[in-house]
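Now for the letters of each chain:
There are 2 protein chains.
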Amino acid sequence: MKLYGYWRSSAAYRVRIALNLKGLSCEQQSVHLVKDGGQQHQDDYVALNAQHLVPTLVLDDGTALTQSLAIMDYLDGLSDSNPLLPKDAVARAQVQAMALSIACDIHPLNNLRVLQYLSKDLALSDEAKNAWYHHWIHTGFAAIEQQLQQHAGRFCFGDKPTLADVCLVPQVYNAERFKVPMDRYPNIVRICANCNALPAFMDALPENQPDAQ
Amino acid sequence: MKLYGYWRSSAAYRVRIALNLKGLSCEQQSVHLVKDGGQQHQDDYVALNAQHLVPTLVLDDGTALTQSLAIMDYLDGLSDSNPLLPKDAVARAQVQAMALSIACDIHPLNNLRVLQYLSKDLALSDEAKNAWYHHWIHTGFAAIEQQLQQHAGRFCFGDKPTLADVCLVPQVYNAERFKVPMDRYPNIVRICANCNALPAFMDALPENQPDAQ
Numbered sequence: 001m002k003l004y005g006y007w008r009s010s011a012a013y014r015v016r017i018a019l020n021l022k023g024l025s026c027e028q029q030s031v032h033l034v035k036d037g038g039q040q041h042q043d044d045y046v047a048l049n050a051q052h053l054v055p056t057l058v059l060d061d062g063t064a065l066t067q068s069l070a071i072m073d074y075l076d077g078l079s080d081s082n083p084l085l086p087k088d089a090v091a092r093a094q095v096q097a098m099a100l101s102i103a104c105d106i107h108p109l110n111n112l113r114v115l116q117y118l119s120k121d122l123a124l125s126d127e128a129k130n131a132w133y134h135h136w137i138h139t140g141f142a143a144i145e146q147q148l149q150q151h152a153g154r155f156c157f158g159d160k161p162t163l164a165d166v167c168l169v170p171q172v173y174n175a176e177r178f179k180v181p182m183d184r185y186p187n188i189v190r191i192c193a194n195c196n197a198l199p200a201f202m203d204a205l206p207e208n209q210p211d212a213q
Numbered sequence: 001m002k003l004y005g006y007w008r009s010s011a012a013y014r015v016r017i018a019l020n021l022k023g024l025s026c027e028q029q030s031v032h033l034v035k036d037g038g039q040q041h042q043d044d045y046v047a048l049n050a051q052h053l054v055p056t057l058v059l060d061d062g063t064a065l066t067q068s069l070a071i072m073d074y075l076d077g078l079s080d081s082n083p084l085l086p087k088d089a090v091a092r093a094q095v096q097a098m099a100l101s102i103a104c105d106i107h108p109l110n111n112l113r114v115l116q117y118l119s120k121d122l123a124l125s126d127e128a129k130n131a132w133y134h135h136w137i138h139t140g141f142a143a144i145e146q147q148l149q150q151h152a153g154r155f156c157f158g159d160k161p162t163l164a165d166v167c168l169v170p171q172v173y174n175a176e177r178f179k180v181p182m183d184r185y186p187n188i189v190r191i192c193a194n195c196n197a198l199p200a201f202m203d204a205l206p207e208n209q210p211d212a213q
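In the order they appear, the protein sequences are chains A and B. Mapping to the working numbering: the first sequence position 97 is 97, numbers consecutive. Mapping to the working numbering: the second sequence position 213 is 213, numbers consecutive.
Be aware that one or more of the hints could be misleading.
Any copy will do: because identical chains look the same in the list, a pair fits if it lies in one copy or spans two.
[What the hints assert, rightly or not] List time: in silico SDA-like cross-link candidates among lysine to any residue, alpha-carbon distance up to 25 angstroms:
(1) 2 to 150
(2) 179 to 82
(3) 2 to 123
(4) 35 to 160
(5) 129 to 182
(6) 2 to 151
(7) 129 to 151
(8) 87 to 48
(9) 35 to 139
(10) 120 to 76
(11) 87 to 24
(12) 87 to 63
(13) 87 to 62
(14) 160 to 63
(15) 35 to 213
(16) 120 to 180
(17) 2 to 86
By construction, these hints were calculated from the structure, which means they are not laboratory data.
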């Protein structure tokens with residue numbers, strides 16, 4: 001398998017963590033999201049990913065899978081180690097809800113293409129763009145912090161890492177890059193520290209990737 | 001079970017379709033997203049949904065499930081009729097990817113809270129807000145139209161409705177409300193017409209809900 005990603009992409013970062021948790025190996029191919037106007041817009045990549053987004057997982061038979069959560073569902077089925085979702089149906093829905101609250105309601109509002117639209121099409125100042133970014137992080141993290149009070153143990157849901165942690169850690173990494181103060185979110189901070197002590201999370205860190213700058 | 005939703009919410013609309021496809025009955029409770037400054041912000045609702053968003057599915061034991069895709073995964077497990085995802089692992093990931101491209105990369109950019117931020121916090125003109133809305137619809141639909149050329153039959157993925165159709169139909173309903181021209185998307189238009197001929201989709205239409213205005 002070959003993972004097309006980018007060191008700083010939160011969605012690719014999720015898939016790297018999932019690969020490590022599942023004990024699966026995968027070739028990595030960097031798609032530089034800024035160089036050359038964004039390599040994700042080049043014809044050969046768009047043939048794999050019509051959305052012009054990373055990540056894409058290309059299987060050995062050439063089939064291209066897109067959307068990090070769909071890719072991780074596929075990976076979860078490939079190996080029994082570290083299931084990304086609990087077996088109990090309600091717990092499973094609760095973990096998915098936490099992951100989706102990040103993957104749907106935080107990350108897509110703050111990713112590169114949206115920030116580019118704010119700068120270029122809306123001509124927002126850096127200050128206004130930063131306020132937008134912080135607003136959606138705080139809105140999302142406040143809800144997650146509440147959910148963690150109900151569900152968290154050492155990790156987001158009990159004492160084993162799940163899909164919720166896999167989504168949370170890259171989002172926090174991103175928030176810290178944009179200097180979002182995290183003091184209102186003690187559970188999020190604690191859980192991220194627990195995750196980042198594990199090799200599966202550590203090896204997936206953006207700065208530990210071959211295309212890191 | 002009790003579904004907290006709103007007739008015009010795309011995410012609640014998805015869950016209504018899924019309930020119908022699965023042959024499950026459910027009490028409905030309207031959460032008016034505009035009246036009283038938005039009933040989704042009232043304390044009794046926030047106790048069920050920390051994100052201040054609809055839908056929420058409350059189970060018979062009082063457990064509240066949030067996030068439409070997590071709710072639908074739960075519902076899919078409750079009954080064997082009309083599975084929302086194919087059994088084959090690759091096909092399953094492809095259907096999920098199509099659904100997620102809507103649920104992550106179109107809908108959250110154009111939902112009520114974002115449009116309110118554009119108006120109130122960024123003081124955008126109606127024209128600029130409309131351009132934003134149309135931009136993300138066209139970006140998303142162009143990619144879906146391409147994927148449909150590869151996968152579609154009568155529905156998004158072959159000849160049975162799946163999670164992809166369940167997400168597509170409400171998004172198209174929403175796009176038409178905002179007068180997005182659909183002539184570039186013949187497959188999307190064709191598939192939505194096929195879906196909307198089915199009672200499961202028809203009964204879930206916003207205008208057929210008790211709280212429709």
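Hints, one by one, checked against the model:
no.	hint	in the structure
1	2 to 150	between (38 angstroms within a copy, 21 angstroms between copies)
2	179 to 82	neither (32 angstroms within a copy, 46 angstroms between copies)
3	2 to 123	neither (37 angstroms within a copy, 44 angstroms between copies)
4	35 to 160	neither (38 angstroms within a copy, 42 angstroms between copies)
5	129 to 182	within (19 angstroms within a copy, 31 angstroms between copies)
6	2 to 151	between (35 angstroms within a copy, 22 angstroms between copies)
7	129 to 151	neither (33 angstroms within a copy, 38 angstroms between copies)
8	87 to 48	between (32 angstroms within a copy, 23 angstroms between copies)
9	35 to 139	between (32 angstroms within a copy, 21 angstroms between copies)
10	120 to 76	neither (39 angstroms within a copy, 42 angstroms between copies)
11	87 to 24	both (21 angstroms within a copy, 22 angstroms between copies)
12	87 to 63	between (28 angstroms within a copy, 17 angstroms between copies)
13	87 to 62	between (31 angstroms within a copy, 20 angstroms between copies)
14	160 to 63	between (31 angstroms within a copy, 22 angstroms between copies)
15	35 to 213	within (12 angstroms within a copy, 49 angstroms between copies)
16	120 to 180	both (23 angstroms within a copy, 22 angstroms between copies)
17	2 to 86	between (27 angstroms within a copy, 24 angstroms between copies)
Taken one by one, the earlier hints fail for this structure at numbers 2, 3, 4, 7 and 10, listed in ascending order.
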